[in-house]
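Residue-level listing of the chains:
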Amino acid sequence: MADAPLLDVDDLWIEFRAGREVVHAVNGVSFRIEPGETAAILGESGSGKSVSLAAVMRLLQIPPAHIPKGTVRFKGMDVLNMPIGEWRQYCGRDISMVFQDALTSLNPVFSVGWQIAELFRTHGVASGREANERAVELLDRVGIPDPAMRAKDYTHQFSGGMRQRVMIAMAIALGPELLIADEPTTALDVTVQAQIMELLSGLRDESDMAMILITHDLGVVADVADTVAVMYAGRVVEQGRVSDVLGRPSHAYTRALLNSVPRARNKGQTLEPITGSPPDLARIPSGCAFHPRCRFATAICRNEAPPRIAVTPGRFAECHHAEMVFNDA
Amino acid sequence: MTTAEQEALIIRRGLPWWRLLLRDRFATAAALWLLFLAVCFLLGPEFFGKAATTLNLRVRNLPPGSLEHGWLMILGGDALGRSMLARLIVASQNTLTIALSAVIMAMIIGGILGMIAGYMGRGIGHIIMRFADILQSFPSLLLAVVVLYVLEPSVTNLIIVLAITRLPIYLRVTRAEVLEIRERVFVDAARALGGGRYHVLRRHIGPVVAPTLLTILTVDFSIVMLAESSLSFLGIGIQAPEITWGLMVAQGRNYLSQAWWLAFFPGVAIMLATLSGNILSNWLRIVSDPEQRWRLEAPRKNDG
Amino acid sequence: MGHFLGQRALHSGVALLGLIIAVFFLVRMTGDPTDLYLPIDASLETRKEFAQKHGFDQPATTQFVVFLKDILAGDLGYSLRKQRPAMELVLQAYPTTLKLAGVAMSLSIFLAIIVGAVAAYRPGGVFDRISTTASLAGASAPDFWVAITGILLFAVTFRWLPTSGVGGFSHWILPIGVLMLRPFGLMVQVVRASMMGALSSAYVKTARAKGVGEPVVIFVHALRNACLSIVTVAGDLAVGLINGAVIVETVFGWPGVGKLMIDSVIQRDFPTVQAIIMVTATAIFLMNVLIDLLYVALDPRIRHQ
Chain W
1 MADAPLLDVD
11 DLWIEFRAGR
21 EVVHAVNGVS
31 FRIEPGETAA
41 ILGESGSGKS
51 VSLAAVMRLL
61 QIPPAHIPKG
71 TVRFKGMDVL
81 NMPIGEWRQY
91 CGRDISMVFQ
101 DALTSLNPVF
111 SVGWQIAELF
121 RTHGVASGRE
131 ANERAVELLD
141 RVGIPDPAMR
151 AKDYTHQFSG
161 GMRQRVMIAM
171 AIALGPELLI
181 ADEPTTALDV
191 TVQAQIMELL
201 SGLRDESDMA
211 MILITHDLGV
221 VADVADTVAV
231 MYAGRVVEQG
241 RVSDVLGRPS
251 HAYTRALLNS
261 VPRARNKGQT
271 LEPITGSPPD
281 LARIPSGCAF
291 HPRCRFATAI
301 CRNEAPPRIA
311 VTPGRFAECH
321 HAEMVFNDA
Chain A
1001 MTTAEQEALI
1011 IRRGLPWWRL
1021 LLRDRFATAA
1031 ALWLLFLAVC
1041 FLLGPEFFGK
1051 AATTLNLRVR
1061 NLPPGSLEHG
1071 WLMILGGDAL
1081 GRSMLARLIV
1091 ASQNTLTIAL
1101 SAVIMAMIIG
1111 GILGMIAGYM
1121 GRGIGHIIMR
1131 FADILQSFPS
1141 LLLAVVVLYV
1151 LEPSVTNLII
1161 VLAITRLPIY
1171 LRVTRAEVLE
1181 IRERVFVDAA
1191 RALGGGRYHV
1201 LRRHIGPVVA
1211 PTLLTILTVD
1221 FSIVMLAESS
1231 LSFLGIGIQA
1241 PEITWGLMVA
1251 QGRNYLSQAW
1261 WLAFFPGVAI
1271 MLATLSGNIL
1281 SNWLRIVSDP
1291 EQRWRLEAPR
1301 KNDG
Chain Y
2001 MGHFLGQRAL
2011 HSGVALLGLI
2021 IAVFFLVRMT
2031 GDPTDLYLPI
2041 DASLETRKEF
2051 AQKHGFDQPA
2061 TTQFVVFLKD
2071 ILAGDLGYSL
2081 RKQRPAMELV
2091 LQAYPTTLKL
2101 AGVAMSLSIF
2111 LAIIVGAVAA
2121 YRPGGVFDRI
2131 STTASLAGAS
2141 APDFWVAITG
2151 ILLFAVTFRW
2161 LPTSGVGGFS
2171 HWILPIGVLM
2181 LRPFGLMVQV
2191 VRASMMGALS
2201 SAYVKTARAK
2211 GVGEPVVIFV
2221 HALRNACLSI
2231 VTVAGDLAVG
2241 LINGAVIVET
2251 VFGWPGVGKL
2261 MIDSVIQRDF
2271 PTVQAIIMVT
2281 ATAIFLMNVL
2291 IDLLYVALDP
2301 RIRHQ
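Chains as they are written, first to last, in my numbering: chain W, 1 to 329; chain A, 1001 to 1304; chain Y, 2001 to 2305.
Honestly, I wouldn't trust all of these hints.
[To be verified] Chain Y side only, calculated, beta carbon under 8 Å to chain A, not exhaustive:
(1) 2145
(2) 2148
(3) 2152
(4) 2277
[Stated by the list, open to error] Simulated pairs of lysine to any residue, SDA-like, Cα-Cα distance not exceeding 20 Å:
(5) 152/W x 2302/Y
(6) 75/W x 209/W
(7) 1050/A x 1242/A
(8) 69/W x 31/W
(9) 1050/A x 1039/A
(10) 1050/A x 1022/A
(11) 152/W x 2092/Y
(12) 69/W x 152/W
(13) 2053/Y x 2024/Y
(14) 267/W x 209/W
(15) 75/W x 175/W
(16) 75/W x 64/W
(17) 152/W x 2304/Y
(18) 2048/Y x 2078/Y
(19) 152/W x 2220/Y
(20) 152/W x 2297/Y
(21) 152/W x 2296/Y
(22) 152/W x 2300/Y
(23) 1050/A x 1079/A
(24) 152/W x 2298/Y
(25) 69/W x 10/W
(26) 75/W x 87/W
(27) 69/W x 32/W
(28) 2082/Y x 2092/Y
Hint data in this document are derived by calculation from the structure and do not stem from the laboratory.
No residue lacks a Cβ here, since even glycine has one placed at the ideal position from N, Cα and C.
Same shape as in the complex, but just chain W (with noise of 0.2 Å):
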């Protein structure tokens, strides 16, 4: 029997319509997730990671958003298709989301508590006090020192971390198949930012949840992550296993990515920060995507989209000169 893939993300576009211009968001992508699997979502500002989940999680207005092409399978559902009110009985309850941040993510009129215990009373779960107490407890779970009295507190009462704990303390409540965090450490301090990674890593090994991790940062993908799917400008441009994809990167982006960061192995050399700025969505340049800040760049990159080349099985990149870039360690 075929492992179904928990999610599948099959050529998905999206575009938004801004006054005249159209932006491309989202060109074509394309990604499975696997029961349990810890897969990473990297790439810049701009490069469609949020909104490609965001789409997934059916969060997206629309107008001004507008998905003209591409399917959307959560355990074998049409996603995209289905009458929004019966995809809401599985949002918070098998599919959740984590947002970056919290302090606008969660409502400011509302306790903490409250909120939490709304998970339950929204899905049949409990509700009154016994949503309540199973509010507190998850507080507790998630770290929060004191959970009795602070589940009556209010957002702003809470620091960063903290309120990041409550968001994820929501996520998990009901136990989901699949988490989905988009930047969850961003707006955080470093320090906090290792603490809620390991309360993320923690509350996944407990439970064997299949987590989507969308980040810029090269060391939370490092840390955590089994798979990790690369972006640009709408693309997954390179895909495969944490270790070989940042090991030996196959595309040119993927490359000029790690080699922007301080890493322990490049110790004495020169940092080369990419060159040039992301492209402007509403005017994503011809062929490869990449091709005006890639050092790799010849005129095919200029002229033809380049094709998905598989570098190993279950691995692959998008760039014409994959080759060259694998070798080029």
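Please arrange chains A and Y on chain W, whose structure you already have, making use of the hints.
Relative to the frame of chain W, chains A and Y by itself:
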């Protein structure tokens, strides 16, 4: 709508203001109507003065709608046979004068006070703000009524009273803008180059605050017009033999069952004027806000 | 929180005091006060007696103290035409106005919340257009004219409603309808704007990600946040309602404070006019305090300042 990942760039074609106006049909209609009123204001008494005061008992309380007695009687005749249309046009002068004068006075005084309050900060600034609080917290109509009671209800006093009730808004807006601009570098630069406080206020802060004030002015025009009409209707504003649209409604009220048009049309005139002011103000707000302007700048479906 | 309330009460209190001072000066600086307080045919002796009792011949500060003492004792003079204490007249008229304004305000807010929320949820839809038209009409229509046209249509022509006066349900329809125009127009825009902000916020996204149903998202998560803007504007609304009440009571002949004010002005009864000003200013002060308390109750962020 936008997250960090979607930054839509909009190329501004930089359309001139009158083309932006034409893009919005209602705003164009409003502007045209106000232009028409301006013409009535300037030429009305000249051309229609006689018709407005000529008695013709044969057409007393003539209902509107027929051209039998000439096009002047299209809106009917009043209790003394005078042409409603002519009277409306002539009354526009007082109505518009009072509204415009009050608004401009409020803007100038409020603007100056606001600039002082913003720039001087503590002390004077606080006193001025409390003064604005007092004015804003009390029902403007009651305030106007009391002041006009104690002083005499002349046209000048009416303008002054109306201006005073509208002061606070200009005061606050100007002060807020001044406070914000004060922090900006170019003011420090001007002062470093030797510009005194007043110089800075006049040359640097003034021009930036002006567009906001203009938007408020158009709304205020409507508000003041309604206030004056209400006061005149109640018998406390304009007194006969002066005439404004508000007073015409009051006068027409006595004939409501026999000649409804006497009270009806002046009210329509008021409403059309205030509606135009409000619509134009909405348009101005959209145009001054760079984030909203694109709605008007976007090409129409049959543009090339 | 205490700091917030204290500061706001201080501001409102200063405004109240400022108004009292303004009235004081207005009366004494613009002519002989006895002309205003006493009937025209009052004899010289009566005038002198009155002037002495209220210290008109004293320096301004002494006068002011006497003035304040009178106010605190509830003595705001004698109504010139009714021969009763002015205060009594005013307090008798207030309940009518409060009833009128109260119903108009509650209805306006209730309807504005429904229309505004739906308008924000479906921008460009039917409710959105209704709300824009309503607020434009509310801001542009001369209420006295609408009242008269309403009487013309519904009372005179169709004879469905009475032309004026207090009474049963049908007597309320036109007055409330006219009085509601502006507040509803204003409030529906406020609700729409703040609901649009709330509905596009990050916490609404989180709620949807939690699987919360749309009705709860709109009327619990979003609306509860929009309440703050609503309460802020409610104060202005109430003050505007007093203005509207003056017109509505005059046109429809309701014996409230508004009508009392106009009658007193036309009949040159200054003590009553002054009494109305004082009572209204105090009422507004109390209302502001109430609104501030409501603010604290609704926004936990202020509570913990």
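Hint check results:
no. : hint            : in the structure
1   : 2145            : holds, 3 Å
2   : 2148            : holds, 5 Å
3   : 2152            : holds, 5 Å
4   : 2277            : holds, 6 Å
5   : 152/W x 2302/Y  : holds, 16 Å
6   : 75/W x 209/W    : holds, 14 Å
7   : 1050/A x 1242/A : holds, 15 Å
8   : 69/W x 31/W     : holds, 15 Å
9   : 1050/A x 1039/A : holds, 17 Å
10  : 1050/A x 1022/A : violated, 37 Å
11  : 152/W x 2092/Y  : violated, 47 Å
12  : 69/W x 152/W    : violated, 45 Å
13  : 2053/Y x 2024/Y : holds, 16 Å
14  : 267/W x 209/W   : violated, 36 Å
15  : 75/W x 175/W    : holds, 15 Å
16  : 75/W x 64/W     : violated, 28 Å
17  : 152/W x 2304/Y  : holds, 13 Å
18  : 2048/Y x 2078/Y : holds, 17 Å
19  : 152/W x 2220/Y  : holds, 18 Å
20  : 152/W x 2297/Y  : holds, 15 Å
21  : 152/W x 2296/Y  : holds, 17 Å
22  : 152/W x 2300/Y  : holds, 11 Å
23  : 1050/A x 1079/A : holds, 17 Å
24  : 152/W x 2298/Y  : holds, 15 Å
25  : 69/W x 10/W     : holds, 9 Å
26  : 75/W x 87/W     : holds, 12 Å
27  : 69/W x 32/W     : holds, 17 Å
28  : 2082/Y x 2092/Y : holds, 13 Å
In summary, the structure is inconsistent with hints 10, 11, 12, 14, 16 from the numbered list given earlier, while agreeing with the others.
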